[in-house]
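Take a look at the letters that make up each chain.
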Amino acid sequence: MTSHDPRDLLHGLSRPKVPAELKQRVLSAAKQVNTGVERRSLEERLWTSAGLRYAWVAAVLFLVAVNVFLGPPPAPWDVAAGRVAQTNWMESLDLESALDDHRSGGPTVAEVHGAYDDYLCDSMVQGDQS
Amino acid sequence: MEMAPRAEKRGRVRVADELSKLVADLADGCMEALNPIWDLCADDLFGLALYRTGNVGDAEDAVQDVFVRLASKPKALARADNPRNYLRRMAHNAAVDVVKRRRPADPIDVAFALGDQDPSTETGADAKRAVVLLAHLPASQRVTVFLRHFEDLSFREIGAVTGVPTFTAASRYRLALRRLRTMMGAER
Numbered sequence: 001m002t003s004h005d006p007r008d009l010l011h012g013l014s015r016p017k018v019p020a021e022l023k024q025r026v027l028s029a030a031k032q033v034n035t036g037v038e039r040r041s042l043e044e045r046l047w048t049s050a051g052l053r054y055a056w057v058a059a060v061l062f063l064v065a066v067n068v069f070l071g072p073p074p075a076p077w078d079v080a081a082g083r084v085a086q087t088n089w090m091e092s093l094d095l096e097s098a099l100d101d102h103r104s105g106g107p108t109v110a111e112v113h114g115a116y117d118d119y120l121c122d123s124m125v126q127g128d129q130s
Numbered sequence: 001m002e003m004a005p006r007a008e009k010r011g012r013v014r015v016a017d018e019l020s021k022l023v024a025d026l027a028d029g030c031m032e033a034l035n036p037i038w039d040l041c042a043d044d045l046f047g048l049a050l051y052r053t054g055n056v057g058d059a060e061d062a063v064q065d066v067f068v069r070l071a072s073k074p075k076a077l078a079r080a081d082n083p084r085n086y087l088r089r090m091a092h093n094a095a096v097d098v099v100k101r102r103r104p105a106d107p108i109d110v111a112f113a114l115g116d117q118d119p120s121t122e123t124g125a126d127a128k129r130a131v132v133l134l135a136h137l138p139a140s141q142r143v144t145v146f147l148r149h150f151e152d153l154s155f156r157e158i159g160a161v162t163g164v165p166t167f168t169a170a171s172r173y174r175l176a177l178r179r180l181r182t183m184m185g186a187e188r
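Going down the list, the sequences are from chains A and B.
Those letters in the first sequence? Residues 1 to 130, per the working numbering, in order.
Those letters in the second sequence? Residues 1 to 188, per the working numbering, in order.
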């Protein structure tokens with residue numbers, strides 16, 4: 001024994017060597033694991049993944065729930081009938097009488113144009129005089 | 001702790017560069033890269049596992065676990081900042097798992113890590129004595145001594161490998177030396 005310092009004692013130690021026969025065993029096991037697992041395509045992995053299956057079932061259930069909540073869609077003839085009714089409602093407005101009221105209560109377009117022409121003539125006459 | 005010679009440090013940088021290339025090849029699906037990775041790292045990983053488990057058979061199992069995981073998930077190593085330390089961490093975790101699986105009654109090899117040293121020489125006798133003393137240390141302190149003494153890692157790196165804070169790694173090393181010193185004093 002040459003020293004009482006544990007660090008000196010440790011310096012006398014050599015690094016442990018891995019047993020030579022271990023390399024073959026470990027590498028063959030590792031390569032076997034790699035070749036044992038077939039690399040699947042992305043599409044295959046997606047379709048066989050549990051997450052995607054759950055998402056698929058959830059989407060279907062969601063659509064069913066929405067359909068139940070909203071009720072059955074209206075038949076095409078009902079939709080068409082609804083449009084006709086809307087058109088009739090618009091036609092039922094008394095547009096003619098409203099137009100008459102407008103005509104009787106205010107100047108017509110021709111009257112407005114005439115008044116504007118008079119204004120222009122008056123202003124031109126006044127300009128010539130000055 | 002003596003500083004490693006400059007040539008040794010250059011050698012480590014070269015090994016790290018080489019390992020990075022091999023890891024990239026492995027991530028690309030080239031399983032043949034496992035061979036040179038083994039040549040570069042197997043001694044480190046085996047030594048670490050041996051110091052953690054105290055048992056040659058368990059250390060072999062731990063190293064095998066590391067390489068099987070590498071083969072099954074080759075891209076995980078490519079994402080690591082420091083592949084060598086990542087491998088060390090894998091080996092440490094595998095060794096801890098192996099020890100957990102082991103039955104408590106299993107004996108621990110006292111003569112582990114002696115290597116090819118001849119116990120009849122003075123150096124060999126010291127080495128054997130060191131091994132016997134190291135076997136009495138707790139596994140966490142023993143692996144800290146290994147990483148500091150053989151791998152010349154900083155305490156920050158030792159903490160990263162063993163999954164503890166830097167302070168804890170330094171504390172384990174200090175306690176290990178103190179315990180070794182105490183045992184050496186008791187021997188006299």
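Please keep in mind that the hints were generated in silico from the structure rather than gathered at the bench.
Heads up, a few of these hints could be off.
[Stated by the list, open to error] Chain A side only, calculated, beta carbon under 7 Å to chain B, not exhaustive:
no., residue
1, V18
2, L22
3, A29
4, R53
5, V60
6, L61
7, A65
8, V66
For every residue, glycine included, the Cβ atom is placed at its ideal position computed from N, Cα and C.
Violated hints, by number in ascending order, as checked against the structure: Violated hints (numbers, rising): 4, 5, 6, 7 and 8; every other hint is consistent with the structure.
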